[in-house]
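Trainee: Read off the chains here:
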Amino acid sequence: MNRRRLLTALAGLGLTGGSLLAVSQGLPGGSDGLSVRVETVDAAGSEAGQLSLPVRGQPVTVVDLFATWCAPCSEQMEALGAVHREYGDRAAFVSVTNERVGGTLTRADIREWWQRHDGNWTVGLDPESDLMAALGADGLPYLAVVDRSGTVHWEHAGLVEAATLRDRLDRHLEA
Amino acid sequence: MRRRTYLQVAATLGAAGLAGCSASGAGNPDVVLSEPDREFDSSDLPYPAWGERLPDVTLPAPLADREVALRSVDRPQLLTFFYSHCNSVCPVLISALRNVQTHALNEGYGDEVAFHPTTFDPERDDADRLRTYGEEMNVDLAAGNWRFLRPASIGRAEEVVGEQFGVSFERTHPEGMDMYMFAHAALTLLVNADGYVERAYREKQPDPETMTADLETVRNG
Numbered sequence: 001m002n003r004r005r006l007l008t009a010l011a012g013l014g015l016t017g018g019s020l021l022a023v024s025q026g027l028p029g030g031s032d033g034l035s036v037r038v039e040t041v042d043a044a045g046s047e048a049g050q051l052s053l054p055v056r057g058q059p060v061t062v063v064d065l066f067a068t069w070c071a072p073c074s075e076q077m078e079a080l081g082a083v084h085r086e087y088g089d090r091a092a093f094v095s096v097t098n099e100r101v102g103g104t105l106t107r108a109d110i111r112e113w114w115q116r117h118d119g120n121w122t123v124g125l126d127p128e129s130d131l132m133a134a135l136g137a138d139g140l141p142y143l144a145v146v147d148r149s150g151t152v153h154w155e156h157a158g159l160v161e162a163a164t165l166r167d168r169l170d171r172h173l174e175a
Numbered sequence: 176m177r178r179r180t181y182l183q184v185a186a187t188l189g190a191a192g193l194a195g196c197s198a199s200g201a202g203n204p205d206v207v208l209s210e211p212d213r214e215f216d217s218s219d220l221p222y223p224a225w226g227e228r229l230p231d232v233t234l235p236a237p238l239a240d241r242e243v244a245l246r247s248v249d250r251p252q253l254l255t256f257f258y259s260h261c262n263s264v265c266p267v268l269i270s271a272l273r274n275v276q277t278h279a280l281n282e283g284y285g286d287e288v289a290f291h292p293t294t295f296d297p298e299r300d301d302a303d304r305l306r307t308y309g310e311e312m313n314v315d316l317a318a319g320n321w322r323f324l325r326p327a328s329i330g331r332a333e334e335v336v337g338e339q340f341g342v343s344f345e346r347t348h349p350e351g352m353d354m355y356m357f358a359h360a361a362l363t364l365l366v367n368a369d370g371y372v373e374r375a376y377r378e379k380q381p382d383p384e385t386m387t388a389d390l391e392t393v394r395n396g
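For the protein sequence lines, the chains are A and B, in the order given.
Numbering follows my numbering, in which position 36 of the first sequence is assigned residue number 36; successive positions increment by one, without gaps.
Numbering follows my numbering, in which position 125 of the second sequence is assigned residue number 300; successive positions increment by one, without gaps.
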């Protein structure tokens, strides 16, 4: 999907002009797809550092946007964990919160949330909401399936069942 | 162009524009930010928008046990309108505001900005509920710059939030839920220290980075 088509698709989700502007800013000029760097957190299955999305060397990256205050995001972790156990060797999984660390929220709080929800893959920070803007996410949880070129093949706001995510992954892993 | 670069360039252009022009805010001396790119005037909008003065409203801040006269706040402020039982738009609005608060605390300008999220559900959003909600949302309630505002009654919420701020809200009774919810508009306002609106963000997911950059321009204006 080229950039114009991506923007059109996002517009179809009912985003406002303001959100579209943010989306166009989030995608680097001349790029054809998602390209965002996030800081990763030291947590179960995750090392501290930097990570470019989509994850290099993987055919598909599952991007999960969450927040520690978001109850449905907690619920989403069960399905994500199940799918990760099955597909973790063929697809990259990255969960990212746009909460800014500081004040009453520390990296240790995020690590603890992650552990409490049995997270076992990369977890990252998006304090300036670049990833949220690039995906045009207007709610949480938000899931996206992105291929190696950054093309977003599927995205969904709200809870997703494991079967739906499996189906979406199968389509792109077989393609 | 990378987004950050874009914002820096935009900020620089803004500053250059001000330096070359005796009146700030592209012709409006009451505001620092220039008029947003749009096809209508602020006076055509139901809510206070760019260059307009905040309504002369005083609301209780139940956690601080005081009242806040919005026009008398002597520093830039961010306002948004929400109810705490909301599952979709409101937590995103509050979270965006909270991210700006954390930026302010991390960068040492926490005392130079005020946050006034205002509930339109005073029936359920009492002091205890607002405190719990703030803690859940990781708001730093002890920082002294964040005050939840609560109109004293349902009628007062309609008068202030609905009529004076132009944020429509209507009770709904979703199937399968044993409580009422609201269909409502999303509005976040950046107001300068003189009480004039610099920006009205209409997005359901306002970008904290844009708000932080706008706030910085207003603080330095």
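It is worth saying that the hints were derived from the structure and are not from the lab.
Remember, predicted model here, so these are calculated numbers, not experimental data.
Treat the hints with care, since some could be wrong.
Below, simulated DMTMM-like cross-link-like pairs (lysine to aspartate or glutamate); rule was C-alpha separation at most 25 angstroms, straight line [as the list claims (entries may be wrong)]:
(1) B/K379 to B/E298
(2) B/K379 to B/D240
(3) B/K379 to A/E75
(4) B/K379 to B/D219
(5) B/K379 to A/D170
(6) B/K379 to B/E338
If the Cβ cut is set under 7 angstroms, some of the chain B residues that face chain A in the computed set are [claimed, not checked]:
(7) D301
(8) D303
(9) R306
(10) T307
(11) D382
One-sided excerpt, in silico: chain A residues whose CB lies under 10 angstroms from chain B [said to hold, decoys possible]:
(12) C70
(13) A108
(14) D109
Just so it is clear, CB atoms sit at the ideal spot from N, CA and C, and this is done for glycine as well.
Trainee: So, for every hint listed, does it hold in this structure?
Mentor: Hints, one by one, checked against the model:
At roughly 24 angstroms between alpha-carbon atoms, B/K379 and B/E298 fall within 25 angstroms of each other, so this suggested pair holds. Restraint check for B/K379 and B/D240: the C-alpha separation of about 30 angstroms exceeds 25 angstroms, so the hint is violated. At most 25 angstroms may separate the alpha-carbon atoms for a hinted pair to count; B/K379 and A/E75 meet this at roughly 23 angstroms. Between the alpha carbons of B/K379 and B/D219 the distance comes to roughly 21 angstroms, so the proposed pair stays at or under 25 angstroms and holds.
Only pairs whose Cα atoms come within 25 angstroms are accepted, and B/K379 paired with A/D170 is rejected, the gap being roughly 32 angstroms. Taking the CA atoms of B/K379 and B/E338, the gap is about 20 angstroms. The hint holds against a cut of 25 angstroms. The interface hint given for B/D301 is violated, since its Cβ lies 20 angstroms from the closest Cβ of chain A, which is over the 7 angstroms cut-off. The interface hint given for B/D303 is violated, since its Cβ lies 18 angstroms from the closest Cβ of chain A, which is over the 7 angstroms cut-off.
Checking B/R306 against chain A: minimum C-beta separation of about 13 angstroms lies over 7 angstroms; hint violated. Given hint, B/T307 at the interface with chain A, is violated; its Cβ is 12 angstroms from that chain's nearest Cβ, farther than 7 angstroms. Because the smallest distance between the Cβ of B/D382 and any Cβ of chain A comes to about 5 angstroms, under 7 angstroms, the interface hint for this residue holds. Annotation: interface hint on A/C70 holds; nearest CB of chain B at approximately 7 angstroms, less than 10 angstroms.
Hint status for A/A108: violated, given a least beta-carbon distance of 13 angstroms to chain B, over 10 angstroms. Proximity of A/D109 to chain B holds as hinted, the smallest CB-CB distance being about 8 angstroms (cut-off 10 angstroms).
Checked against the numbered hints given earlier, this structure breaks hints 2, 5, 7, 8, 9, 10 and 13; the rest are met.
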